[in-house]
Structures are given as structure tokens and as C-alpha cells.
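Line order of the protein sequences matches chains A and B. Residues 1 to 277 in our numbering are what the first sequence lists, from first letter to last. Residues 278 to 557 in our numbering are what the second sequence lists, from first letter to last.
Possibly wrong hints are sitting among the right ones.
Claimed, not checked - One-sided excerpt, in silico: chain B residues whose CB lies under 10 Å from chain A:
no., residue
1, R310
2, G372
3, A384
4, N388
5, G390
6, S402
7, E413
8, H414
9, A463
10, G486
To be verified - With a Cα cut of at most 30 Å, we get these calculated BS3-like pairs of lysine-lysine:
no., chain 1, residue 1, chain 2, residue 2
11, B, K556, A, K171
12, A, K162, B, K498
13, A, K89, B, K440
14, A, K162, B, K440
Bear in mind the hints are in silico, worked out from the structure with no lab data behind them. Glycine included, every Cβ here is placed at the ideal spot set by N, Cα and C.
Here is how the chains run, residue by residue.
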Amino acid sequence: MIDKVFSLCMWAAATVVLCMFSWLIADVLIQGIPALSWEFLSSEPLRSGREGGVLPIIVSTALILVVALGVAVPLGLGGAIWLAEFANKESRLFSVIRMTLDMLAGVPSIVFGLFGYAFFCGFLQLGFSILSGGLTLACMILPILIRTTEAGLAMVPNDWRKAGAALGMRKTTLIIQVLIPYSAPAITAGLLLSIGRATAETAALIFTSGYVDRMPESLSDSGRALSVHIYDLSMNVVGGDKAAYGSALVLIIIVVQINFSANLLSEVWLEKKVARR
Amino acid sequence: MNKPRPFEGKTYTLGSIEKGEHCCEAVPHFSIRDLSVSYHGEVVLSDVSLDVYKGCITALIGPSGCGKSSFLSVLNRLSDLIPGEHVSGNITFEGQDILTNNIDVRALRTNIGMIFQKPNPFPLSIYKNLLLPLKEHGVRDKKIQAEKIQQALESVGLWDEVKGRLDSSALALSGGQQQRLCIARALILEPSVLLMDEPCSALDPISSGIVEDMIQKLAGKYTIIIVTHNLAQARRIANYAAFFWMQESVGQLIEFGRCQPLFDSPQNSLTAAYVSGAKG
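One chain only, chain A, in its complex shape (with noise of 0.2 Å):
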């Protein structure tokens, strides 16, 4: 009888997450839809966005998360490695470490933003730049870029290193030929997280790269995020609301986009380097 009323309970918990989702989606389609065009796709926007499109904003998407991740991504892995593979488990230091890695990956990105602002535009003098931006938002999937990274070597299986160490193998070896590649699809799942984070990041890149939606010139340049046009347009732009749902339906589009991609490659690139079975 429980068994009944707790599987009825988590059925019906699955189905209520479920339609709110189709819903979300089913909204922003059913009005992005008739939005979406080649023009949309490849024109500047008009009269703050109610008309024309979003090409300049695209591109200044695309160049903040390639600057973020740029940076985000060697420094992650190597922080993990370090933690996962080199620091002493058992020191003060590393136990520090990891808390304040848990808390920043906590911060609401509201913090970062004040941050890149104080820091990257005002004491590196970048300015409301592309630049300000993506390396803001570095410091702000570091952190879950880190600990899904860890977490994704501490899954792997200790007795392949201790069989590595026994062989008189280097660590390094080790690290690259068996246990990043095992651990890809976990590693893979952390920087899609993170991928969406930056993506849906508004807050921490409206006061760090700004919201001027031409097409940027330069790194230097400011430039408009996705997110950002998407809040502006239906926040401070009357009439703005078909083009917010386009816009919507991109940055949707891209996300899954870059998903796929990132799953595939790191499949093919798993299918090279281990044989699991």
C-alpha cells in the first residue's frame, strides 16, 4: 500500500516537472516561432530590437563564452588534477580549498558581476568590454567547472592508479592516457553546466560587458549578451516581446547546439582513447 501512494507520489512528481517544461518550451516556440527568420538571424537590430535582428548580439555571445571559456576551462582542469591527483587529501589546505570552491559556486551572479566591475572594468581598466565580461564569467564557472572535474576523477577507480605507480609509470602519463580520458563524460558534464550558467548569465554580465548592441569591433569592445538583450527587450523595451521570444529561441537553440557537439566529441574522443567494454 505505501509502496503505492510513494510510486503514485514520485509519478506524479515526474509529470508536474514535465508538463512545466513542455509548457516553457511549447511557450517559447509557439511564439518565437513566427519571429524567426534569416533576416532575424543576420541583420543588427532596429529601434532597441522591436525590429531587425540579432547577428551583432550572436556575436557577442559566441566571443564572451569563447573568452570565458578560454580561460575557465585550462585553469579548471588543472585545478581539479591538482586537487583530485596531487594535493595532500588529508592537509588543511586542501580542505579550505574545496569549501571555498562549494561556496563561490553558490554566490548568486549578481556578486560576480560587482566583482568584474570593480575588479576587470575599473582596476584593470577593461572597461565595459567583451573581455570584462567573459573573464567574469570565468570566475564564475570556475568553481563548478573544479568540483564536477574532481568529481569526475575521484570516480575513477583507484586500483588503476596504484597499477600505474607499480609499473614505474609517471603520473602525468597516467593522468593523460587513462584517467581524464575515463573520465570525460564526466568531465563533459560539468562544462556543459557551465556552458549553460554563462549562457543564461544576465546579472554578472550587464554591469561587465554592458548592453551596447552593435556589432563589436574588438574585445574591448562592449558588447550585448543573449540574455541580456532577452531581459532588456522584455523588461525596459515596450513592444519588444516577439523579439525577445526569438531571441529566446536562439540562445535555446544554441544551448542544445553546443550539448550535442560537446556530448559527440567527447564520445568519439572517448571511443579512441579507453575501450570500457
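With chain A fixed as given, assemble chain B onto it according to the hints.
Then chain B, alone, in the frame of chain A:
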């Protein structure tokens, strides 16, 4: 019962075996003196002294948790990986003190292969499992690589079973095959010693038998130190046996000697109780 008396190490050197296999030379390969191991200040193994003879099979027997595996992992310095472990005493291996800091640990571990309780092939193809250590130790020539890999697989009797599927995953092999692959992976580096930590305990009886036969064939060419809970196995394959026991929660070497006499006429009452099955 008599108060148990720890092995008093005055007669470390036992000399060659007069009866039995030809493999034994009366040359100590390892000379271990007053070896103690502790974790975070808690002593787990104390004052072990014994000689391990070249080309012989030495079995380490005793109940779980009496320090046999700790002892084994000190011999190739794999104990370095365990934080908080402290080792004191002396181990001379091929004329070198291996517990000093300035020893080349990678070279040591290349010369002393180790086989673990649970087979641990890398999640790579069968071929790459053997290729990785080879490349790591500087064998670049593809032809030599292929030759060595075939030799190693032949020496563990695996070649005929896997030669058609060298590119398939090592994890798809059976437990016994995986363990033999791990032994091949250690042998490919041409070590002089093999340390085995209960290599058969995770295997089914048939695989276990195959691996045991193989270990016997390796004797003579390699010095083998094997931890085993299977007394019958120790009796079948070992030339020497060392019996460990916990005393006041510290592992100690109680008796060390030639395998046959240690089982048939043990000197210590604890050994007698253990090998007869009355204790442990």
C-alpha cells in the same frame, strides 16, 4: 597455551633448499632488517627481519590485517602513495638500500613488478595495456613493441586466447584472463621480482588454478613474494613461508622458514595452531 614468542631473528639466512625444485639459490635478494610500518603514528607492523631468496617463491601467510600487504607494498615503495605512512628499518635489494630518499623509485618499481588482489587492467585495449608501460619506459620501435607484447602474452599463456582480439577492451576479459594480463603487463618490463598480493583470491577456482600453475612456472626466473590466505596454495607453490600474526594489535613476523617444515613441524605454537586450522 604457551605465551607466543615472536620470531627472534638470529637465523635470517636459511640457505638453499636441498629437496624440491632447482630454483633456489642461497642468495638473498631482499635483506629486510627491523622493518616497522606505522600509519599516523599507529604501528601496524613491527620489527620484521628476514631474507628473501633469489628465484624462490616466498609465501606470506597469516590472518587478515596482520600487516602482510603493508609489508609487501613497502618492498616496491608503493607505500609512498599512502599518506601518513611511516616506514623504518632497512631493506637491502640488490645491494642498495631502498628505503632512502635518493633512490630512483620509478626504476625500482620497474624492476619489482606487482600484482594486486583485484585484477586491474587499464580501461584500454589488451594491446594498449601492454604498450603503455613499454612506451613509458622508452621502447619506441614498433617492431620491438609487437615482439615484446607477444612474448609477454605467451609467457602467461594468454597469447592463443587473445591474439585475434588484441584491439578489444581488456575489461571484457574474464577475471582470470585479466589477472594474467596484469602479470604480463608486469613481466613486459623485465623485472627480477614479482610481488603478488593475493592474486587468486578474487578468481573462480578454475582461473585460480590456471594462475597458480603459471606462478609456479615463473619461479626460478623471478623472485616471487606472494601473500595468500589459501594455505593449501602456499603449501603447493612456495619454497619459503613467513607466518604473520597480530599481537596486541601490531602485526609481527612469528615464524619464517622453508615451507614444508613450517607446515609439518612448526616451531611456534601460534604457527602450529594457524596451519592446523585451530586458529585464524
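Against the structure, the hints come out as follows:
1. Annotation: R310 of chain B was flagged as interfacial toward chain A, and the flag is violated, the nearest CB pair being 24 Å apart, outside 10 Å.
2. Given hint, G372 of chain B at the interface with chain A, is violated; its Cβ is 19 Å from that chain's nearest Cβ, farther than 10 Å.
3. With a least beta-carbon distance of about 7 Å to chain A, the hint placing A384 of chain B at the interface is held under the 10 Å criterion.
4. The criterion of a C-beta within 10 Å of any C-beta in chain A is met by N388 of chain B, whose closest approach is roughly 8 Å, and the hint holds.
5. With a cut of 10 Å, the hint placing G390 of chain B at the interface with chain A holds, because the nearest CB-to-CB distance is about 7 Å.
6. The criterion of a C-beta within 10 Å of any C-beta in chain A is met by S402 of chain B, whose closest approach is roughly 5 Å, and the hint holds.
7. Hint status for E413 of chain B: holds, given a least beta-carbon distance of 5 Å to chain A, under 10 Å.
8. Interface hint status for H414 of chain B: upheld, as the beta-carbon distance to the closest one in chain A is roughly 7 Å, under 10 Å.
9. Because the smallest distance between the Cβ of A463 of chain B and any Cβ of chain A comes to about 7 Å, under 10 Å, the interface hint for this residue holds.
10. Below 10 Å, beta-carbon pairs count as interface contacts, and G486 of chain B has none with chain A, the closest being about 24 Å; its hint is therefore violated.
11. With a C-alpha separation of about 42 Å, the suggested pairing of K556 of chain B with K171 of chain A is violated against the 30 Å cut-off.
12. Distance check on the hinted pair: K162 of chain A and K498 of chain B sit about 25 Å apart at the alpha-carbon level, within 30 Å; holds.
13. A C-alpha spacing of about 42 Å is found between K89 of chain A and K440 of chain B, which places the hinted pair above 30 Å, so the restraint is violated.
14. Between K162 of chain A and K440 of chain B the alpha-carbon distance is near 27 Å, which keeps this suggested pair within the 30 Å criterion.
The structure is inconsistent with the numbered hints 1, 2, 10, 11 and 13, although it conforms to all the rest.
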